[in-house]
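Based on the provided sequences and hints, a complete structural model is requested.
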Amino acid sequence: MASHEHNDDHDHPHHESHPHGVQEIEPGYYELMESAVRELLIERKMIGADEVRRQIEVLDSRTPALGSKVVAHAWTDPGFRKRLLANGRKACEELGISFYDDTQLIVLENTDKVHNLIVCTLCSCYPRPVLGLPPDWYKARSYRARAVVEPRAVLAEFGTQIPDDVEIRVSDSTAVVRYLVLPVRPAGTEGFSEEDLAKLVTRDAMIGVIPVQLHAGSAA
Amino acid sequence: MSQAENIVIRLPNDIGGLAADRIQRTDHELAPWEKRCHALADVLDFRKIINTEEKRRGVEALGSEWVGKLNYYERWIVAFATILFQKGLLTPADLAIRMDEIQKRWRDEAVLAKRGD
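Residue numbers (this note's numbering), protein chains in the order written: chain D, 1 to 220; chain X, 1 to 117.
There may be inaccurate statements among the hints.
[To be verified] No farther apart than 25 Å at their CA atoms in a straight line, the calculated lysine-lysine pairs in the BS3-like style are these:
no.	chain 1	residue 1	chain 2	residue 2
1	X	LYS69	D	LYS45
2	D	LYS45	X	LYS35
3	D	LYS45	X	LYS55
4	X	LYS48	D	LYS90
5	D	LYS199	D	LYS82
6	X	LYS55	X	LYS35
7	D	LYS45	X	LYS114
8	D	LYS69	D	LYS82
9	X	LYS87	D	LYS45
[To be verified] Pairwise CB distance ranges (calculated):
no.	chain 1	residue 1	chain 2	residue 2	range
10	D	ILE106	X	SER64	30 to 38 Å
11	X	GLU65	D	ASP50	33 to 41 Å
12	X	ARG105	D	GLU194	19 to 27 Å
Simulated from the structure, these hints should not be mistaken for laboratory data. Glycine included, C-beta positions come from ideal geometry on N, C-alpha and C.
Spelled out as structure tokens, the structure:
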């Protein structure tokens, strides 16, 4: 864990569950506040007793592997690619990926002329149904402040050099509109199965901070 | 532009385009309570009690000092509590009493668990 400033979104050490069901470390002030708010809302029947636990299961089921599957499918099925670019949410739902929130998804296609990058300058909006929760750096001040004004410099800090003749488009997410980058399929993957292609597609490539690389994944 | 104008033009969350440090590729696995807090946010949204934009504005309304001192999910839970007070769904006393009860419950259970070891 890298050191960071106060105002970056860094959080406390984890609490392990005690075998008897009591966690070892006494819950902190804000943890007590979370438990108290939840219990009071359940008692007053404003939320269901099991609802938070069930939503944790939903959150745990969302990982970048879902996004990778979407990207690999778009690379191998031109009809799906077209539908995905026309309506991201509908196309993902076609693959069985449900949207548990009221968000729309716009899929941005990278080409040899355009490179897309996503950010949420105001907070931390992110395509959670297809990628899970965002990494801390996505929610941190540096990325949010700089991505919209100096994307080439930001990309360089991720080790990504975009040629000058490639346009960079930065899309700023909102509470109801989220983005996902459809990266360029790397050369040399012509004979790959959809499954092997999906293994190459990383979370960071779908945010747009790195390209998909042939040697980065575990596919043969 | 004067310092005073800047204060009016930008609310605390509105940082797009400002100068900032190099990117540090930080990440961490959420603590159990942080994950519960995230799930609670989703449930509050589904139940139309607090939506995502209200949550964002609620965090902003904490002001830059608190936003700077609290971490991500601490800001969320404080914002939720404040919004629930404003909507008349909870009172500060309800919350304070329940927090004390939960702390006491934890301490009592910890004593029992220790005896059981």
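Each hint, compared with the structure:
About 33 Å separates the Cα atoms of LYS69 of chain X and LYS45 of chain D, which puts this hinted pair outside 25 Å; it is violated. Of the pairs offered as hints, the one joining LYS45 of chain D and LYS35 of chain X holds, with about 22 Å between alpha carbons and a cut-off of 25 Å not exceeded. For the hint linking LYS45 of chain D to LYS55 of chain X, the alpha-carbon distance of about 21 Å falls within 25 Å, and the restraint holds. Restraint check: the Cα-Cα separation between LYS48 of chain X and LYS90 of chain D comes to about 23 Å, which is no more than 25 Å; the hinted pair holds.
Of the supplied pair hints, the one linking LYS199 of chain D and LYS82 of chain D holds, its CA atoms being roughly 22 Å apart against a limit of 25 Å. For the hint pairing LYS55 of chain X with LYS35 of chain X, the CA-to-CA distance comes to about 16 Å; that is within 25 Å, so the pair holds. A distance of roughly 35 Å separates the Cα atoms of LYS45 of chain D and LYS114 of chain X; the hinted pair therefore is violated under the 25 Å criterion. About 16 Å separates the Cα atoms of LYS69 of chain D and LYS82 of chain D, which keeps this hinted pair within 25 Å; it holds.
Taking the CA atoms of LYS87 of chain X and LYS45 of chain D, the gap is about 16 Å. The hint holds against a cut of 25 Å. Between ILE106 of chain D and SER64 of chain X the CB atoms are about 31 Å apart, so this pair conforms to the stated range of 30 to 38 Å. Range check, GLU65 of chain X to ASP50 of chain D: about 37 Å between beta-carbon atoms, so the 33 to 41 Å window is met. Judged by the Cβ atoms, the range 19 to 27 Å given for ARG105 of chain X and GLU194 of chain D is violated: they are separated by roughly 51 Å.
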